Amino acid sequence: MTTSIDIAVCLDRSSSIAFYSKQIRLSLRSILNRALSCHQSDVRMALIEFQSHSHHWRTNIHPFTSSGDEFHEWIDAIEIENGNLNENKAIVDALGATLTLDWRPNNNINRYHEKLVILITDGAPCSLLDDTCACNSNDLWRLSDEFEKQDITLVVIGIEPSIIIYDDFYCALANKTGGIYLPFINATRVLSSVIQRAILGEDTLSQLFRRLDIHNDIEYNSLYHYKYVQKRVDFMMEYCRTMADIRKWLYPVHHPSTEYITGGMNVDDDDDNFEPGSPSLETNYLLCPSINIYFTPITDDEGYRTRLPTTASGDSSYNVVGSSPVSSIRTDLDLYSEIDDDCF
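If you're matching positions, the sequence shown starts at 1 in the UniProt record's numbering and goes up one per residue.
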């Protein structure tokens, strides 16, 4: 069975990422060029630029194209505008716009079609920290349910260091759709390999993401540590149904609460399975202990996508079958990492 793929990139254009704009462009070029090198006719790309809700425009949509040159022209033409560095991002608008794109259906028995959204940002979405969105946008947590219904996989690429305050939320948001959260420093290497292997029909995107090695592929050389956010991610996926739920429980400074009823279950502050506090902002992440991962097999349901558990299960752990699809091979596509190639 052959595989085709539509890739929509949602790119933050706010002033806070200006310093990284060149690296982001080069990273996108590497990822897309690797995908096009497999089967150019089977790959389409779209670009959605977004800013904050305080700007005169929120999103700029470039529809799907199969031309790599045209996509490169889009990203080369992007200009970062000045603004308030602390403004919340119009991420819900950008992800909502992806649902309006002309995605190819997955209705050909001889071809499996993947749908991938790559979100690149360094800050919080509107409504994560605030009670209400001034622009009355959709609920981002509920919006991700639509991704799952349409078999769209979300990958969130976080630009450190500011993103680490919200990496638990973005990890849960991506996991709901069968995707992952990736620190930017590892994104080029990981996505280039995973997308190529998906196009070659080795596995689905969701299966390949679940086979990644949490330390060597995702965390390595970054500030992100899955062990620190895992309980919060599990809690969001198990108990939260809206952004209001997440604000109430995961950000108690903004939304103090002692009791919450959800799904007939009483969850209180004494729950031994939930620790609402994040590590101190003074934590030295480079001295964190290593992570032990226990691997379990994945069921392959006749070539169709095996998704990560939904909100009903709350199990967002990473699984590995055999070896990692990324760290088991050498690659020189990680343009900005200081990782020693001998580690892979």
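To be clear, the hints were calculated from the coordinates, so they are not data collected in a lab. Be a bit skeptical, because a hint or two may be false.
Below, computed lysine to any residue pairings styled on SDA-like, alpha-carbon distance capped at 20 angstroms [as the list claims (entries may be wrong)]:
no., residue 1, residue 2
1, Lys149, Asn106
2, Lys22, Glu70
3, Lys227, Ser162
4, Lys149, Trp74
5, Lys22, Glu73
6, Lys149, Tyr112
7, Lys248, Arg104
8, Lys149, Glu73
None of the values given here were measured: they were computed from a predicted structure.
Evaluated hints:
Taken as a hint, the Lys149 and Asn106 pair is honoured in the structure, with Cα atoms around 12 angstroms apart against an allowance of 20 angstroms. With a CA separation close to 18 angstroms, the supplied pair Lys22 and Glu70 stays within the 20 angstroms bound. Distance hint between Lys227 and Ser162 is fulfilled; the C-alpha atoms sit about 19 angstroms from each other, no more than 20 angstroms. About 29 angstroms separates the Cα atoms of Lys149 and Trp74, which puts this hinted pair outside 20 angstroms; it is violated.
At most 20 angstroms may separate the alpha-carbon atoms for a hinted pair to count; Lys22 and Glu73 meet this at roughly 14 angstroms. As the CA atoms of Lys149 and Tyr112 are separated by approximately 16 angstroms, the hinted pair is consistent with the 20 angstroms bound. Simply put, Lys248 and Arg104 have alpha-carbon atoms about 38 angstroms apart, too far for the 20 angstroms limit, and the pair is violated. For the hint linking Lys149 to Glu73, the alpha-carbon distance of about 32 angstroms lies beyond 20 angstroms, and the restraint is violated.
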